[in-house]
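Participant: One-letter residues, chain by chain:
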Amino acid sequence: MSDALIRVNGVNKTFLLGNEPVHALNNIQLQIQSGEYLSVMGPSGSGKSTLLNMLGLLDVPDNGEYWLAGADTVPMDEEQRALYRRQQIGFVFQSYHLIPRLSAAENIELPLILAGIAPAERKKRLQPIIEKLGLDSRAGHLPNQLSGGQRQRVAIGRAIIMKPHLLLADEPTGNLDSSSGAEVVALLEELNNEGITLVVVTHDADLGQRAKRRIRMVDGVIVQDEKNAGANA
Amino acid sequence: MIRTDDQLRFALRAMLRQRFRTIMQLIAMSIGVLAVVLLTGLGEGGRQYVLGEFSSLGKDVLIMLPGRKETSGGMPPLSGEGTRDITLQDAQSLLRLPEVERVAPLIVGNSEISRGSLSRESLVLGTNQAFFDIRQMKLARGQALPLLPLDQPSPVCVIGDTLRKELFAAESPLGQWLGVDAYRCRVIGVLEDTGTGLGMNMSDALILPVASAMQIFNTQGMFRVMIDVRAAQGVARITNDIEQLMTERRNGLLDVTIVTPDSIMRAFDNVLSIMTFAIAGIGAISLFVAGVLIMNMTLITVSQRTAEIGLLKALGAASHEVRSLFILEAVMMSLLGGGLGLSLAQLCLWGARLRFPDIPFAAPLWASAAALGIAMLCGLLFSWIPANRAASQAPVLALQHQNGK
Chain A
1 MSDALIRVNG
11 VNKTFLLGNE
21 PVHALNNIQL
31 QIQSGEYLSV
41 MGPSGSGKST
51 LLNMLGLLDV
61 PDNGEYWLAG
71 ADTVPMDEEQ
81 RALYRRQQIG
91 FVFQSYHLIP
101 RLSAAENIEL
111 PLILAGIAPA
121 ERKKRLQPII
131 EKLGLDSRAG
141 HLPNQLSGGQ
151 RQRVAIGRAI
161 IMKPHLLLAD
171 EPTGNLDSSS
181 GAEVVALLEE
191 LNNEGITLVV
201 VTHDADLGQR
211 AKRRIRMVDG
221 VIVQDEKNAG
231 ANA
Chain B
1 MIRTDDQLRF
11 ALRAMLRQRF
21 RTIMQLIAMS
31 IGVLAVVLLT
41 GLGEGGRQYV
51 LGEFSSLGKD
61 VLIMLPGRKE
71 TSGGMPPLSG
81 EGTRDITLQD
91 AQSLLRLPEV
101 ERVAPLIVGN
111 SEISRGSLSR
121 ESLVLGTNQA
131 FFDIRQMKLA
141 RGQALPLLPL
151 DQPSPVCVIG
161 DTLRKELFAA
171 ESPLGQWLGV
181 DAYRCRVIGV
191 LEDTGTGLGM
201 NMSDALILPV
211 ASAMQIFNTQ
221 GMFRVMIDVR
231 AAQGVARITN
241 DIEQLMTERR
251 NGLLDVTIVT
261 PDSIMRAFDN
271 VLSIMTFAIA
281 GIGAISLFVA
291 GVLIMNMTLI
301 TVSQRTAEIG
311 LLKALGAASH
321 EVRSLFILEA
331 VMMSLLGGGL
341 GLSLAQLCLW
351 GARLRFPDIP
361 FAAPLWASAA
371 ALGIAMLCGL
381 LFSWIPANRA
391 ASQAPVLALQ
401 HQNGK
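Same order as they appear, the protein sequences are chains A and B. Heads up: the first sequence is residues 1 to 233, going by full-length UniProt numbering. Heads up: the second sequence is residues 1 to 405, going by full-length UniProt numbering.
Calculated from the structure, these hints are not laboratory results. Don't take every hint at face value.
[Claimed, not checked] Restraint-style ranges between C-beta atoms, simulated for each label pair:
{"#": "1", "chain 1": "A", "residue 1": "Asp219", "chain 2": "B", "residue 2": "Leu335", "range": "52 to 62 Å"}
{"#": "2", "chain 1": "B", "residue 1": "Leu377", "chain 2": "A", "residue 2": "Asn19", "range": "37 to 47 Å"}
{"#": "3", "chain 1": "A", "residue 1": "Asn193", "chain 2": "B", "residue 2": "Arg17", "range": "29 to 39 Å"}
{"#": "4", "chain 1": "B", "residue 1": "Leu381", "chain 2": "A", "residue 2": "Asn228", "range": "54 to 64 Å"}
{"#": "5", "chain 1": "A", "residue 1": "Ala118", "chain 2": "B", "residue 2": "Leu381", "range": "26 to 36 Å"}
{"#": "6", "chain 1": "B", "residue 1": "Ile385", "chain 2": "A", "residue 2": "Arg213", "range": "39 to 49 Å"}
{"#": "7", "chain 1": "A", "residue 1": "Asn228", "chain 2": "B", "residue 2": "Leu12", "range": "49 to 59 Å"}
{"#": "8", "chain 1": "A", "residue 1": "Val221", "chain 2": "B", "residue 2": "Leu335", "range": "49 to 59 Å"}
{"#": "9", "chain 1": "A", "residue 1": "Gly148", "chain 2": "B", "residue 2": "Gly351", "range": "50 to 60 Å"}
{"#": "10", "chain 1": "B", "residue 1": "Gly351", "chain 2": "A", "residue 2": "Ala118", "range": "28 to 38 Å"}
[As the list claims (entries may be wrong)] Some but not every residue of chain A turned toward chain B, in silico, with C-beta under 10 Å:
{"#": "11", "residue": "Val60"}
{"#": "12", "residue": "Glu78"}
{"#": "13", "residue": "Arg85"}
{"#": "14", "residue": "Phe93"}
{"#": "15", "residue": "Leu98"}
{"#": "16", "residue": "Ala115"}
{"#": "17", "residue": "Met162"}
For clarity, every value in this text was computed on a predicted model and none was experimentally measured. Note that CB positions come from ideal geometry on N, CA and C, so glycine has one too.
Bound-form chain A, shown alone:
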């Protein structure tokens, strides 16, 4: 209990959709241990993306506690959260969110630049990641010269270059065909095997079933939370 990476306690989040209040997160209780592989599934509007954004400190809950790596992040100000995002969290988005004018390598390097790391050190960290992603020959290409799978691999590279504890993926295969989707999933699972905590939000039942722990959300409530000891089936 004490060594949980994430401890969410009684978190609520309400949006106004027109005049209708939508309870996107309804008294969420959740603990995630370091190194877990977790999928969040549910119908559209069930609050799974809101949960992911909240876990990633991109969004702030209305109330409750969210302990990340031993600190309650809810009372933090935006600058402190930015620091946490930088050091603890990597994001992979459905639509990649690469900066179109930067090359693949430069996109991956971006978090290092934002962290103020010296160029020589950046190069040292960048090279192994590019090799691991199999992007050697593509490092100088702009995003619009890359295939969807390659773009998502660049985005993953950017997410892990700061060596975060937590990797959050929002529909990582949503825009990909099945073969490049499988590649991306394999890459994410490999990272999980190396110790990173992986949370995947998805519509795709097959992808969701691969996770060792599966959460199902409906209307802002976690309705199902099952673990299977079995490895990736």
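On the provided structure of chain A, position chain B as indicated by the hints.
Facilitator: Frame of chain A; chain B shown alone:
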């Protein structure tokens, strides 16, 4: 914290890799600055040109003319005694004043000037050697009028360049005789072709000693007396001294008017300043238009990049870092655009100076500074406002911007 060199590189890359946007923004920025600087430069050049024309008269020259022109308004006196002439003796007496350096009496008339069978109606000026210095006239050939007592006639003359061409064509005029009505004189000099000065076209004129002109026109009265003074005394005091002297010589009645070129210049300067301001107004309007253009351009591009701002924040950049990134880019863009506009304007003004060497086209400093300042301000403000708004949002909102649109 992002390193400064990385910030610079990031902003530079944003400019270099989005060329179309960068070029459009630079064009907007530089045209705004160009318009203002160029327009005020042209206006200021015209103003300086007219001022220069006046000062070619010499700053320390007073002009005395017969009659009293009241400046208090109202009609000039039509009835009453006619004005008395200013005589040569009056002009001569001025030299007794210690402040007066030189006097050049002036008689102006039109006469038929003839050489053999050629003849031509032309301007005749009767004056003395001092006139050449006071008007800063240069001679192309020969010499100016000789130094003579004012009342001594002499059959010599200096002619303008146009007159020379018409009467002598390719022949050398020096030493040749000309007829001025019934009077005959020998050409001793030709004026340089300097064009008009103060509305008097000297290239058409014949200049001879004042006493000779008095004979030709059969007159005692001077048209004008130009007085070269030592200005250290203050023009107002000298004017006063001259008026006092003339009052004494004329039995207590002051019936001459003394005009300072300064006062003419001042009157024109007012007019010209208003002209310059009008031009600056045009410039300001063009600057405003350019400002709106810059504003739109920056607003569009920054809101296009709201998702990028969200992403940078998701990757762990603090709000103030994101803001400073975008402001740095705007500063670089504004400096570049403003600098480009300024250099283009200088280039155009330089071209104008080459084409019209007489007119000193140059933009006043305040115009350049204002143009640059407002361009910078527009560029900064209108990239800061949207960047700031996007940077203060929760990152998730900024990120969704791209998906929404």
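Participant: Can you let me know if the beta-carbon spacing of Gly351/B and Ala118/A is within 28 to 38 Å?
Facilitator: For Ala118/A against Gly351/B, whose Cβ atoms are near 49 Å apart, the range 28 to 38 Å is violated.
Participant: 54 to 64 Å was suggested as the range; check whether the CB atoms of Leu381/B and Asn228/A agree with it.
Facilitator: holds, 58 Å
Participant: Are Glu78/A and chain B close enough, Cβ to Cβ, to be under 10 Å, as the hint says?
Facilitator: Result: holds, 6 Å to nearest chain B Cβ.
Participant: So does Gly148/A sit 50 to 60 Å from Gly351/B, Cβ to Cβ?
Facilitator: Holds: the Cβ-Cβ distance is about 54 Å, inside 50 to 60 Å.
Participant: Do the beta carbons of Ile385/B and Arg213/A sit within 39 to 49 Å of each other?
Facilitator: holds, 45 Å
Participant: Holds or violated: the 49 to 59 Å window for the beta-carbon distance between Asn228/A and Leu12/B?
Facilitator: holds, 52 Å
Participant: Against chain B, run the beta carbon of Phe93/A and see if the smallest gap drops under 10 Å.
Facilitator: holds, 8 Å
Participant: Is the interface hint for Met162/A satisfied, with its Cβ closer than 10 Å to some Cβ of chain B?
Facilitator: Holds. Min distance 8 Å.
Participant: With respect to the beta-carbon atoms only, verify the hint that Asp219/A and Leu335/B lie 52 to 62 Å apart.
Facilitator: holds, 54 Å
Participant: Regarding Asn193/A and Arg17/B, is the given constraint of 29 to 39 Å on their beta-carbon distance met?
Facilitator: Cβ of Asn193/A to Cβ of Arg17/B: about 37 Å, so the range 29 to 39 Å holds.
Participant: Would you say the C-beta atoms of Leu377/B and Asn19/A sit inside 37 to 47 Å of each other?
Facilitator: holds, 41 Å
Participant: Min Cβ distance, Leu98/A to chain B: is it shorter than 10 Å?
Facilitator: At about 9 Å, which falls below the 10 Å cut-off, the nearest Cβ of chain B leaves the hint on Leu98/A intact, so it holds.
Of the numbered hints listed earlier, the single one contradicted by the structure is hint 10.
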